[in-house]
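Participant: What follows is each chain in one-letter form.
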Amino acid sequence: MGDSQYSFSLTTFSPSGKLVQIEHALTAVGSGQTSLGIKGFPQKFHLSDQADVKLLHRIIRPSNGVVIATEKKLPSILVDETSVQKIQLMTTNIGVVYSGMGPDSRVLVRKSRKQAQQYFRLYKEAIPVTQLVRETAAVMQEFTQSGGVRPFGVSLLIAGYDDNGPQLYQVDPSGSYFSWKASAMGKNVSNAKTFLEKRYTEDMELDDAVHTAILTLKEGFQGQISGKNIEIGIIGADRKFRVLTPAEIDDYLAEVE
Amino acid sequence: MGYMCWSSEIAYSGGMARFAADVPTRGGFSFDLCQRNEMLLKKGNQLPTFRKTGTTIVGLVFEDGVILGADTRATEGPIVADKNCEKIHYMAPNIYCCGAGTAADTEAVTDMVSSQLQLHRYATGRESRVVTALTLLKSHLFSYQGHVSAALVLGGVDITGPHLHTVYPHGSTDTLPFATMGSGSLAAMAIFESKFREGLTRDEGIKLVSEAICSGIFNDLGSGSNVDVCVITRGQTEYLRNHQLPNPRTYVSSRGYNFLKGHTGKTGEPYIPPNPRR
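For the protein sequence lines, the chains are Z and D, in the order given. At position 256 of the first sequence the residue is numbered 256 (the UniProt record's numbering), and the sequence of numbers has no breaks. At position 48 of the second sequence the residue is numbered 48 (the UniProt record's numbering), and the sequence of numbers has no breaks.
FYI, nobody ran anything at the bench for these hints, they're computed from the structure. Don't take each hint at face value.
To be verified - Computed Cβ-Cβ distance ranges for the label pairs, DEER-style:
hint : chain 1 : residue 1 : chain 2 : residue 2 : range
1    : Z       : F178      : D       : T124      : 53 to 59 Å
2    : D       : R126      : Z       : V107      : 18 to 24 Å
3    : Z       : A254      : D       : G125      : 24 to 30 Å
4    : D       : G199      : Z       : D251      : 55 to 61 Å
5    : Z       : R121      : D       : G235      : 40 to 46 Å
As the list claims (entries may be wrong) - Subject to a maximum C-alpha distance of 30 Å in a straight line, what follows is the list of computed DSS-like cross-link-like pairs (lysine-lysine):
hint : chain 1 : residue 1 : chain 2 : residue 2
6    : D       : K138      : Z       : K114
7    : Z       : K218      : Z       : K228
8    : Z       : K187      : Z       : K124
9    : Z       : K218      : Z       : K187
10   : D       : K138      : Z       : K124
11   : Z       : K18       : Z       : K124
12   : Z       : K240      : Z       : K218
13   : Z       : K73       : Z       : K124
14   : Z       : K111      : D       : K138
15   : Z       : K218      : Z       : K18
16   : D       : K42       : Z       : K124
17   : Z       : K124      : Z       : K228
Stated by the list, open to error - If you only want the chain D side, here are some residues facing chain Z, beta carbon under 8 Å, derived:
hint : residue
18   : D111
19   : S115
20   : T124
21   : V131
22   : Y239
As the structure is a computational prediction, the values presented were derived from the model and not from experiment. We put the beta carbon where it would ideally sit given N, CA and C, even for glycine.
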């Protein structure tokens, strides 16, 4: 990667041991639009037989899953909001939202989609969420150590549902990733996280999670919130990631008020 | 796709294959080892045989969409390698592809294009079109100049309507209302040519496809076993695996064999029982 002029990395250590470019990338993320994710949890049963446990999860908790949401503030009222979709699919059961620079996230989504397909071609198995997160994070790390490139200016929230249940991961420009029960990124991150800490309960249903997500976004929202200026993606036990239509979001908003 | 050597079978049987990892990949085949392979053949090194699907595959367009059919025998020369293999491959929810020729080639090429179609669906947000699959297949096969031995019947229904195409190993394609490929294609085409008409109903179409495949199964040595059918209409696809089983396996009677005394000759030596355990 990089021409002969730039075969050295532009991300170098400072005397204090920090990678300043990554810090700046995190600043870029922090000034991006707020996005958040909430994971629903399966309840814990004390059973000796593992097979029975899985069956019970499916019967008793059909509505657990993951919600991700983001503000969709457009630079002008003249922009056609139907042409913009911030929440994207990586596979049929994994979705992603970002905070930071949109074009950077497009590159990552494209690479991750391809990696998911390559995984399937090699193992004939749908890629588990953790594997896809790991590979995406590896790409982001590559760009902090290669010649002539800069780190990505986005943090991603990856939501998926696989054999290990619902999962929510955050990936940072440095390439580090964490699993979260609920998380927020972007402009209003500290307020949003405080709100989530108060509101989050372990046995949230998917609908409740959507309501909580909307309320969290509302906290720092400037202006009138509607189905046109926020985006919500959900995935439930049916394992199909889906972006809600503006009409559906308006319904949820009506319920919340 | 990168660096691939068509003569890799010989290379592997001969010893280590040296792949130049530092040469930039350009796709298609590299013919660097051809001279060496000729020399090895003269010396007596035989190419290992590969499994082919001596096959009957068919497709036809009916009033609501497309019906594909295939037999289920995979052969390795004169030997039946798989009595019930699947020759109708998934490309997209609304597009399926029957494959004749070298089994590995048809599998690999349909898997690859299926993956590419999925990525395209994510990028565009739209249902895949049959012509997209067709163009991806033909450009891949053309770039390998016929060495990827895959002869395909591609069918599906998309927003522009039902489509049926045949793809040949060198990369040429035809668009047809009914098509047959494989070693049993003549037997199947005879059935189609006499009985096909436009605007068949679903049941008529399935019956005609099954008849054509059966004709291939019974009259062509390279085809046999069962009939697989796939019905694709707007919004729905039905994969009828083993729709007909006209060659049931008859096993030896479960009563077992009855050997009379004296069947087995005796040496006359005394029987010494083995040492009992202490």
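Participant: Could you tell me whether the CB distance from F178(Z) to T124(D) stays inside 53 to 59 Å?
Facilitator: With Cβ atoms ~33 Å apart, the hint is violated.
Participant: For the hint on T124(D), just tell me whether its beta-carbon gets within less than 8 Å of chain Z.
Facilitator: Nearest chain Z Cβ about 12 Å off; hint violated.
Participant: Quick one, are K218(Z) and K18(Z) close enough, alpha carbons at most 30 Å?
Facilitator: Between K218(Z) and K18(Z) the Cα gap is close to 35 Å, so the pair fails against 30 Å, i.e. violated.
Participant: Does K228(Z) lie within 30 Å of K124(Z) when you go C-alpha to C-alpha?
Facilitator: 39 Å, violated
Participant: Keeping to a limit of 30 Å between CA atoms, is the pair of K73(Z) and K124(Z) held or broken?
Facilitator: With a Cα-Cα distance of about 40 Å, the restraint between K73(Z) and K124(Z) is violated, given a limit of 30 Å.
Participant: Should the interface hint for Y239(D) be scored as holding, given a Cβ-Cβ cut-off of 8 Å against chain Z?
Facilitator: 18 Å, violated
Participant: Could you tell me whether the CB distance from A254(Z) to G125(D) stays inside 24 to 30 Å?
Facilitator: 27 Å, holds
Participant: Was the hint right that S115(D) lines chain Z, CB cutoff 8 Å?
Facilitator: 4 Å, holds
Participant: Take the C-beta atom of R126(D) and the C-beta atom of V107(Z), compute their distance, and say whether it sits inside 18 to 24 Å.
Facilitator: The hinted range 18 to 24 Å holds for R126(D) and V107(Z), with Cβ atoms some 22 Å apart.
Participant: Within 30 Å, alpha carbon to alpha carbon, are K240(Z) and K218(Z)?
Facilitator: 27 Å, holds
Participant: Going straight from one Cα to the other, do K218(Z) and K187(Z) come out at no more than 30 Å?
Facilitator: Between K218(Z) and K187(Z) the Cα gap is close to 13 Å, so the pair holds against 30 Å.
Participant: Check the hint pairing K111(Z) with K138(D) against an upper bound of 30 Å on the C-alpha distance.
Facilitator: Satisfied, since the Cα-Cα distance of roughly 25 Å is no more than 30 Å.
In this structure, the earlier hints numbered 1, 4, 5, 8, 11, 13, 15, 16, 17, 20, 21, 22 are contradicted, and the remaining ones agree with it.
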